[in-house]
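> Chains X and Y, in that order, are what the protein sequence lines are. Numbering-wise, the working numbering puts 100 at position 100 of the first sequence, and it's gapless, one number per residue. In the working numbering, each number is its position in the second sequence, counted from 1, plus 113.
Keep in mind the hints are simulated off the structure, nothing from the lab. Please note that the accuracy of each hint is not assured.
Mimicking DSBU-like on lysine-lysine, the simulated pairs with C-alpha atoms at most 30 Å apart in a straight line are [as the list claims (entries may be wrong)]:
1) 181(Y) - 1(X)
2) 171(Y) - 184(Y)
3) 57(X) - 171(Y)
4) 1(X) - 57(X)
5) 170(Y) - 13(X)
6) 171(Y) - 150(Y)
7) 57(X) - 184(Y)
8) 181(Y) - 170(Y)
9) 181(Y) - 150(Y)
10) 1(X) - 150(Y)
11) 1(X) - 184(Y)
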Amino acid sequence: KAGVTQTPRYLIKTRGQQVTLSCSPISGHRSVSWYQQTPGQGLQFLFEYFSETQRNKGNFPGRFSGRQFSNSRSEMNVSTLELGDSALYLCASSPGLGTDTQYFGPGTRLTVL
Amino acid sequence: GENVEQHPSTLSVQEGDSAVIKCTYSDSASNYFPWYKQELGKGPQLIIDIRSNVGEKKDQRIAVTLNKTAKHFSLHITETQPEDSAVYFCAAQEGSYIPTFGRGTSLIVHP
Chain X
1 KAGVTQTPRY
11 LIKTRGQQVT
21 LSCSPISGHR
31 SVSWYQQTPG
41 QGLQFLFEYF
51 SETQRNKGNF
61 PGRFSGRQFS
71 NSRSEMNVST
81 LELGDSALYL
91 CASSPGLGTD
101 TQYFGPGTRL
111 TVL
Chain Y
114 GENVEQHPST
124 LSVQEGDSAV
134 IKCTYSDSAS
144 NYFPWYKQEL
154 GKGPQLIIDI
164 RSNVGEKKDQ
174 RIAVTLNKTA
184 KHFSLHITET
194 QPEDSAVYFC
204 AAQEGSYIPT
214 FGRGTSLIVH
224 P
């Protein structure tokens, strides 16, 4: 099976812009989670989607949002970008509710100038 | 909520030596403990995991031990090789809830 794929792999944006990141989970996986990874804060949970519904949300401002489509693909959006949003954004998928192991994609490296 | 402490933050060993990374967790409800390896430019990859009904699990050169009473678990890598150099993350999780990750250990294996 193909792994989790994320597009684009690299992005450079300027402050105030918005960005949309995409994630395609492993075939058959219905749960998608998003994480922000920075050297200072480590892996921080953003949100989790299952069957197009947000199931959990981390402690991030409302500028961070996401959605999941009927084919389980997911997007996350960050509006009004700030310098501190520069990070590696990771998507992870798992088969679904009641399952635990998460499988990560390669990430999208976002740089905000 | 859950809190996971991971030590050391950096570990430097010679090729062929063993490496041990330790994690402690706070929530006794956690029952699933995965370990991830992240190489430069890549996402974390699951290398081994253990559930709370098991005390030890081994997969070739990698082993994980769990002490539920003390709330700590450890990753053991034997006969380290340069390709083991990476950042390793532990995590603690209750069932299908969101995992809490440790801050990571940068393992450097010198040839």
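> Taken at face value, is the distance from the CA of residue 57(X) to the CA of residue 1(X) at most 30 Å?
holds (28 Å)
> Does the structure keep residue 171(Y) and residue 184(Y) at a Cα separation of 30 Å or less?
holds (19 Å)
> Sort out whether residue 150(Y) lies within 30 Å of residue 181(Y), counting only the CA atoms.
Distance of about 23 Å is within 30 Å: holds.
> Take the C-alpha atoms of residue 1(X) and residue 184(Y), compute the straight-line distance between them, and say whether it is at most 30 Å.
violated (35 Å)
> Quick one, are residue 181(Y) and residue 170(Y) close enough, alpha carbons at most 30 Å?
With Cα atoms ~14 Å apart, residue 181(Y) and residue 170(Y) stay inside 30 Å; holds.
> Are the Cα positions of residue 1(X) and residue 150(Y) separated by 30 Å at most?
holds (20 Å)
> Tell me if the straight-line CA distance from residue 170(Y) to residue 13(X) falls inside 30 Å.
violated (44 Å)
> Would the hint linking residue 57(X) and residue 184(Y) be met if the CA-CA limit is 30 Å?
holds (26 Å)
> Taking only the CA atoms, is the gap from residue 57(X) to residue 171(Y) under or equal to 30 Å?
violated (34 Å)
> Please work out if residue 181(Y) and residue 1(X) have their alpha carbons no farther apart than 30 Å.
violated (35 Å)
> Does residue 150(Y) sit within 30 Å of residue 171(Y), going by the straight-line distance between their CA atoms?
holds (16 Å)
In this structure, the hints that do not hold are numbers 1, 3, 5 and 11, in rising order.
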